[in-house]
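Enquirer: What follows is the residue order along each chain.
Number of protein chains: 2
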Amino acid sequence: MSTTRSAVRAGSYHDSVVLMQLQRSLAALPGVLDAGVVMATPANREVLAASGLDAGAEAGPDDLLIVVKAESEAAAGEALAQVDALLRVRPGATGQDYRPRRLSTAVQQLPAARWVLISVPGRYAADVADEALELGRNVFLYSDNVPVEREAALKRKAREKGLLVLGPDCGTAVLGGTGLGFSNRTRSGRIGLIGASGTGLQAVMSYFDGHEGGISHAIGTGGRDLSSAVGGITASQALDLLRRDEATEVIVLLSKPPAPEVTRRLLAEARAVGKPVIVCFLGAAPPGGGFGDVWFANSLEEAHDYAAVAQVGDRSITGDPEVPPIGFAAGQRWVRGLFSGGTLALETLLCLGAVLTPVFSNIPVSAEQRLSDPLRSQGHAILDLGADEFTVGRLHPMMDFDLRLRRLRQEAADPEVALLLLDVVLGDGAHADPAGELAPAIERAKADARAAGRKLDVAILLIGTAQDPQDQEEQAATLERAGARICRTVGELVEHTLLRVDEIAAALPKPGFPPVPLEAIRATRAVINVGIETFSASLAAQGAEVVQVDWRPPAGGNEKMAALLARMKQ
Amino acid sequence: MSTTRSAVRAGSYHDSVVLMQLQRSLAALPGVLDAGVVMATPANREVLAASGLDAGAEAGPDDLLIVVKAESEAAAGEALAQVDALLRVRPGATGQDYRPRRLSTAVQQLPAARWVLISVPGRYAADVADEALELGRNVFLYSDNVPVEREAALKRKAREKGLLVLGPDCGTAVLGGTGLGFSNRTRSGRIGLIGASGTGLQAVMSYFDGHEGGISHAIGTGGRDLSSAVGGITASQALDLLRRDEATEVIVLLSKPPAPEVTRRLLAEARAVGKPVIVCFLGAAPPGGGFGDVWFANSLEEAHDYAAVAQVGDRSITGDPEVPPIGFAAGQRWVRGLFSGGTLALETLLCLGAVLTPVFSNIPVSAEQRLSDPLRSQGHAILDLGADEFTVGRLHPMMDFDLRLRRLRQEAADPEVALLLLDVVLGDGAHADPAGELAPAIERAKADARAAGRKLDVAILLIGTAQDPQDQEEQAATLERAGARICRTVGELVEHTLLRVDEIAAALPKPGFPPVPLEAIRATRAVINVGIETFSASLAAQGAEVVQVDWRPPAGGNEKMAALLARMKQ
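Same order as they appear, the protein sequences are chains A and L.
Going by the working numbering, the first sequence opens with residue 5, and the numbers climb by one from there.
Going by the working numbering, the second sequence opens with residue 5, and the numbers climb by one from there.
Please note that a few of the clues may not be correct.
When chains are identical, the list treats them as one kind, so a pair holds in a single copy or across two.
[Stated by the list, open to error] Below, a list of computed lysine to any residue pairs in the SDA-like style, where the Cα atoms sit at most 20 Å apart: (1) Lys-260 / Pro-368; (2) Lys-260 / Ile-367; (3) Lys-260 / Ala-391; (4) Lys-260 / Ser-370; (5) Lys-459 / Arg-448; (6) Lys-260 / Ser-232; (7) Lys-260 / Ala-289; (8) Lys-165 / Ala-527; (9) Lys-450 / Glu-420; (10) Lys-260 / Arg-374; (11) Lys-450 / Gly-487.
None of these hints come from the bench; they were simulated from the model.
Only chain A is shown next, with the shape it has when bound in the complex (with noise of 0.2 Å):
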């Protein structure tokens, strides 16, 4: 026989870490089964029927729900007696005399701390975020359950102000050595690691241990910075701090699937670091195998296997980036695939689309990606001509130049385009002199253009092998002296072609924030710590300086009494 019983205390804040002595108290009492205390959530009340410790009760959930189930009625009622005794136990964490009350009088008291650790509960947080960012602290934000349009308005505070917020539901940090939140000790090394997941970055770190490398920073974004309500402007900032700072020499960028167009600007920018960069989009696609240094890792295990090698090695997926500019006239801007092979179109559409927009194609990988109407071409658009729409009644364009000669000369009259990509296909079966068909056309294209007052740039990924029956380096040669540039895999012409978009994008001008202070990830021996106790343990057993502010919820957690105070300050 057993008996459960449970007590409610209305509308009150207690920090988690207490509530779970608290239930750990209660269940190690003589004659107590088992014993459940949370804030009485219907998510947190169903976990507790599950284990048998529903007891009924009324309570909402604001409001801190006990139950106890013991042997006997007489143990649960004295178990329940002892909940207040038990609340008013704290834990010894930090040692800390004086603890403040106000964010405000932390800050005065240690007014080196960048940085303020922020964990109480989710509906207070994002209010404690803010006033750290008006005292100009950056802000740790470990607390979950806050909405998104907060931690946007939050961000783009931050991003007017040059700080940073890490979070919402920020797990992880490491700056300069010290670890924020949850974190593991590493050898300290070159290699920066950001994430919008905590465990990914703690798992990427701890891989490290015992293999070559070590860490420079790890920098936690919160799981919704690259969503489209954030716009990954968390993952910005610190990929332009791993930039400008000399201690980091590669960066890791760990997330679930951003948002296309959060991926599109990240991708671009980390092309622009001019150091490796690893990018681990756990369950995205990646499109190919990377763009210059940038690499794309299939899982948590290759983001740290990938930093190694880069760390020692050099492995930029190209192999010639010297491609002198070409001068476009003004208003070129458009890259056209006119593709004979349908993995091949498909292939580079993935590359380009990761980073370009728009793309448009006939074998669209995203519905907005489909041409409407596949003989008129829009943005940059990629073509595969062998598809079936194409080829009733018809040779394959590998065989039979027809089609593609007439959409080259569409595409190179139209003063957008900028770029003609093509690919050519050797081999038995295929046409046996496709560079005698395509270097008149190219020829003609680019005198056209430049009667026009235009440049266009012609591309061309060439794949055959030495031994078909074509020669494969005469073939090469001619379509050269056409003014082609020749590549032999997708990667390099992908990598030809961003080289040409980027000549392109810089001349349109540029939105600028102010940079965020390298100090912010140097100067990290002290913080303020608001919520959970034990983070300023594990800040002071790391040797940082830490202030444990005695944060209380307005009006004690009482919701009606808050909105009342809340109404009397306005």
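Using the hints, position chain L against chain A.
Expert: Relative to chain A, chain L alone:
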């Protein structure tokens, strides 16, 4: 001034090489500016119109439309007058004296031919392929525009007979050194390619040119083989062939993203091959870095690179596959993961979701994975217990083990559960002694299972470093004493899980089909060609014996007449 005139040949069939030559001949005539010769499909007519070759002639999709743009009416008229004479010119290809009109005659003439290459128009192609299968021949089906239901039916028939159907829309195969369709001449080597993409295969072949390694065979499957409708029948057969082929040491599998259930089956088959298999599903999210000997490449170039590496070195993803069988009870079959780290849960889910079904989660990567009630598991289940819904008013499960221990007891009591996965994340901020919490619970759960006649396997992903405040090695030792397997990376955890699932699956019956005899890819020096004659020329140039069938569509391409003939045959 120019004039445009057209002619129509109603319902007539012509080889597309003949049509290309007709167009070129017309365009080269005196006074002719441009010419178009197409089957008058709407798409083809639009292409003509885009080149100013719209003559407004009445013609249906089965009619041949000839358009000439000339300097004068006279020149146009003279050109059109030559059409019939030009159509009679045959492309001289093989120098073959006698051309059988029927496939069965060709098979009698060249009985050594194991392969029939078919490139007739799509609407006739499936019938020819069916006839080839009935004659016991493998089919290389170059033709496109074949309905997918016909493809599936042909492939099911082929599978029953131990034959292969490559295609439809198969561009490429190199079998025993003979290239069918479009192919490149590569060094002979020990790398076998399987591809749902023709030019993808050609690119990878070509990348080997001038590098280490070479090709044993390249087997195109057609672009839709890995769709739900077809189910990857040819890819499965090809994988099994290359598994048995002693000349092949490494296998590369290329495709656009397959249907999820086809991915699962192919990856399971790839894992069982016993040779390194490089998988490149262009545009799909790779499930981690790899499974055992299965590696995931993100681009054609990476596929080549990994194959070259796999051939010389050993890169098995896991450390130790020597896990002795555990001997589960009947009915034990589900894996349940209880994670504190969201990213560790996600990476595990991505990996397991790619090979197991059904997999459920509270952080699903596809809609059908969503767990209807996060508090109750179904099927294989991967849970992130640190997700927002579990952490309102509660410490994170990296600090507070209460939630996880309760769930562990719940899962362990389920008689269908075989394997529990847990993560333990050490470091600052985390629980001071996770093993102290988990080890007793694991011991208890295993003992309870034993008492109930079951075996419960427990694997733990341990993330931490030697410098972390918890003693990492002692944590590992404590958990191992409790009977848990310790893994250090997600890859190791997944591999352990898959080996356990293999053990469960080994007890189940497998569907059996006759294996395709190895001679299908070895005896390739004799081929029957039906359709585009230049393919015969290519085969002859490679030294293969070829019989070109003088194929004509039923009733000479007249659809009404063909329907009448078909009705009379019944």
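Enquirer: Taking the earlier hints as the rules, which of them does this structure contradict?
Expert: Nothing - there is no hint that the structure violates, so all of them hold.
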